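S.K.: Following the hints, complete the assembly by docking chain S onto the known chain P.
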Amino acid sequence: MAMTDGRFVGPDGQYLGTVNLSGSSPLASALEPVKITAPRIRPFIPAHRPFNMNCPPSAARAVYFSCKSTDPNPAIKRQRMTTALVSLKGIVKRYVRGKQRVQVLHGIDLEIRAGEFLALMGPSGSGKTTLLNLIGGIDRADEGDLLVAGERINALSARQLARWRAHNVGFVFQFYNLMPLLTAQQNVELPLLMTNLSKRQRGANVKAALELVGLADRATHKPAELSGGQQQRVAIARALVADPTLLVCDEPTGDLDREMAEQILDLLQIVNREQHKTIIMVTHDPKAAERATRQLHLDKGRLLQAESSLAA
Amino acid sequence: MKFLPLLWSSLWRKKARTIFTVLSIVIAFLLFGLLQGINAWMSAFGTGSNANRLYVVSRVSQVQPLPNAYLHQIDAVPGIKQSTYIAGFTGFYQEKSNTLVGFATDVKAWFDLYPEWQIAPEQLAAMSRNRAGAIVAAPLMRAFRWKIGDRIPLRTSVMKRDGSADWDFEIVGIYDVPSTQAEANRILVNYAYFDEARLLERGTAWAFVVAVDDPTRSAQICAAVDALFVNSAYETVTQDEKAYVQGQLRQLGDVSLMANAIVAAVLFTLLFLTGNTMMQSVRERTPELAILKTVGFSDRAVTVLVLIESVLLCVLAASLGLAAAAAVFPVTAALGIGGSALPIKVVAVGLAMALILALASGLPPAWRAQRLVIVDALAGR
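The listed protein sequences correspond, in order, to chains P and S.
Under my numbering, the first sequence has 115 at position 115, and the numbering climbs by one with no breaks.
Going from the second sequence to my numbering is simple: count from 1 and add 312.
It should be emphasised that the hints constitute simulated quantities derived from the structure, not laboratory data.
Bear in mind that the values here come from a model prediction, so they are computed numbers and not experimental data.
Hints may be right or wrong, so weigh each one.
Unchecked claim - Each computed SDA-like pair below joins lysine to any residue, with the alpha-carbon atoms no more than 20 Å apart:
1. K393(S) <-> D525(S)
2. K314(S) <-> R163(P)
3. K207(P) <-> K657(S)
4. K657(S) <-> S568(S)
5. K420(S) <-> A519(S)
6. K99(P) <-> D688(S)
7. K222(P) <-> K314(S)
8. K314(S) <-> K99(P)
9. K326(S) <-> V627(S)
10. K222(P) <-> W324(S)
11. K314(S) <-> L197(P)
12. K222(P) <-> L197(P)
13. K314(S) <-> T183(P)
14. K554(S) <-> S568(S)
So that you can see chain S by itself, here it is in the shape it has in the complex:
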């Protein structure tokens, strides 16, 4: 602490230069936080996958609907225990930023297929009695302060037969999911009601979810399901849950590679920028460093001071950048990308990167300071 005034004064010797350097680092680490946060969020998809579940989707595209009638043929494949369909909509509640996803399905079968989704049995029973009922994720209930019995008007991407895109549902139940953030903004509605009321693509589904008896036979079952629809108008591809989720993400491109490439380019540029700043700063302070050595600072002490100065600059600015990323991150979640909070792992990796950056950019000037010959420096040589 006793060296702090000395370090601080060195940092602010040229205010404008320090401010611009700090801003560069802040922006770089804001970008790092956002990109790596999204990266981490995407990587988390499929980690809680259930090996018993398979997904049947169109071979052409995951967004190409499949005929509902396929379900009966799929059910007949040996080894398949249970199945259901998924259709649905994306929409918002009141404000466009209040996005949510609606799944239209056989709700009872759904909770059998997803035993990790928790719901009270009486609420599930209420759903079968109310065609326009909805079961809502608990985080969504809290976010919008909804309660059971509320009627929720939603503006959706799916048009009704009356020409309106506004759908009304009555909340009859609440479900809890163990961890996956992506499942926190969903509502489940009755497929029968939804399919009957919609204008287009009636009698179709986005995908079929299938539970198998023996996950070790998944590959054969996938092949058997796909064989049913070979050369049909709607060929299928059947995958396990993890492959299905990763496939959905691949539609966005190789986000991880892009994010890593951008971050690497930014940090590499930053290394030169900070290195140059530190080098200039040390060069300007050559006589001052010589005075420190004259009054008794050892070569090592001066080296450490320059390194700490570099660490202070980089780590403080990077912390600001990461704090800004943490503040902005929930906004990206509202746009449907990223989670509600910047993962701690990203913050830790960011700080470690800042430390490495500080040491790498501080080492050449620190080395120069260490080798400084007092009499030459004082004489301006």
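For reference, chain P alone in the conformation it holds in the complex:
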């Protein structure tokens, strides 16, 4: 991989993504080990098509699959960008802590389009992570209507919701949350264990996902043998391996130094642009939020502003 005028270029000269840095900066050289190249990304997409045959594609998934980067039709791309992948109406969430009943979210209304890279910002306790958890289907709203990828997830049973998560959402956490005794490839394989994929198919997907994050050569390493940034890349590979529609990231750079954080943000940006994953990222870091295509601010459980901006 090479970087020319801030653009990632593959060995054949094809455009891979843009980073707002000059090629001679220290960060650019630090990015080299990531090795995100087109030939590694491309096999990832067809490798996942068999998996998606196992789950009935929702309308949003159908849009997503018709809008891969290889699709030359700009009309389809526009359609993707205008379809609401996530729709929240009047979402209320309350917690009971001891004798205290705390309302965390106060009637949130929000639409997130397919292919967006959304940054959720706000002070601690503002409800960012709660909102992310609701969208990711690992928590349930007390009131309101929540549609993700065409599915009214509040109406799903626990079992259906688990299955829905397996097929539709990838999670990235601040502290990586990898299984300490499993290797990188075994960690990445976890979401595929509940599918009907054969061992060969699972292996192909895991290989593609690890290649995508530039860690194919570390497949047999355990988390303790990897740096923080590498662990987070393994976590991103795990989030991507089932080819989900949506990626939810809870402070993915919160535990990393600036250089590592930039690598992870570069990777997320490329996953958003080249793999067309819709990404919702909770962050405290304004620099990280700048990479998103839209920023939202939450305070005391209410959305303050909706600001659209494209990453440089």
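M.R.: This is chain S only, laid out in the frame that chain P set:
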């Protein structure tokens, strides 16, 4: 199989704890295998009993000798078809571990009384011609690679008149027994030769074996025999074969009760030990289980994983323990307790116990894992 790496890594998360737990289970099931194996071996005694046979022994103790002269009086009791005496010795061949039991008896009468013991007629005839002859159980012949015509020196518990405890016999025949393991390490010698040569207790017998015409009259015949010797110096008690064998075992105490009590105590302790290990293991892995649920594992899948982990731990360790018991069991047989192989039934019951133990100790942590709320677990609440 695809879950195996996940299960295996969970088991070995804390190596030392897992090793100690496995060792506890291995030792517990080694003990289970040995005790229940001996128990089963003892329970098998008397199962092939012949209802036609009665045993006359001293009322004081089964090891108290009775005068030989009793045999003629017993023979005269109506309903008795045939009888003989048993005396004998315990001893070993070359090494102390090569134990065997010698029965001194009227060999011809013996084979009439025990028709299930098979011998070639010419070998039986040879025995009557050779006073120092011996008829040996076929398994013993194979074990020591003896053949007919061999002279076998035995160190015994019975002293000869010359002051030596070493006896020489010449093998003249081989007998086969249908199944009972206890009869596989015996040799039969001529009572007349044995009684004449021994220093002590001459003219006595350990017991008399009696065959009756009609087994339904056994109770009356037993009473009639015992009535002959009431108020004598050597009172008798006459029993059928099964009662006689069980009586011999009772001299060792209620082995079955002791074995069951020990095994129950060990398994009960083990239940808490494994349950505690599993609970600790699941508690430590709360965030990891939450991640499994996050990436799409259902509550039921996580529950089943924890249960399988418990089953793997218990059943694998129990299998090792039972394998060790099977390896050690023949050694106990050499000491005169237990058979040559651990009964399959004991192994099957052991594995079933391990499964029950695994499910009982795995259920509380599995239940905890099932009820785990993802967001709380991830937040460390």
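S.K.: For each hint, tell me whether it holds in the structure or not.
M.R.: Outcome of the hint check:
1. K393(S) <-> D525(S): Cα-Cα ~6 Å, so holds.
2. K314(S) <-> R163(P): holds, 18 Å
3. K207(P) <-> K657(S): Cα-Cα ~48 Å, so violated.
4. K657(S) <-> S568(S): With a Cα-Cα distance of about 16 Å, the restraint between K657(S) and S568(S) holds, given a limit of 20 Å.
5. K420(S) <-> A519(S): holds, 17 Å
6. K99(P) <-> D688(S): It holds: about 17 Å lies between the C-alpha atoms, which stays within 20 Å.
7. K222(P) <-> K314(S): holds, 18 Å
8. K314(S) <-> K99(P): violated, 44 Å
9. K326(S) <-> V627(S): Status holds; Cα separation ~19 Å.
10. K222(P) <-> W324(S): holds, 14 Å
11. K314(S) <-> L197(P): Within the cut-off at roughly 11 Å; holds.
12. K222(P) <-> L197(P): violated, 24 Å
13. K314(S) <-> T183(P): This hinted pair holds, its Cα atoms lying about 14 Å apart.
14. K554(S) <-> S568(S): holds, 17 Å
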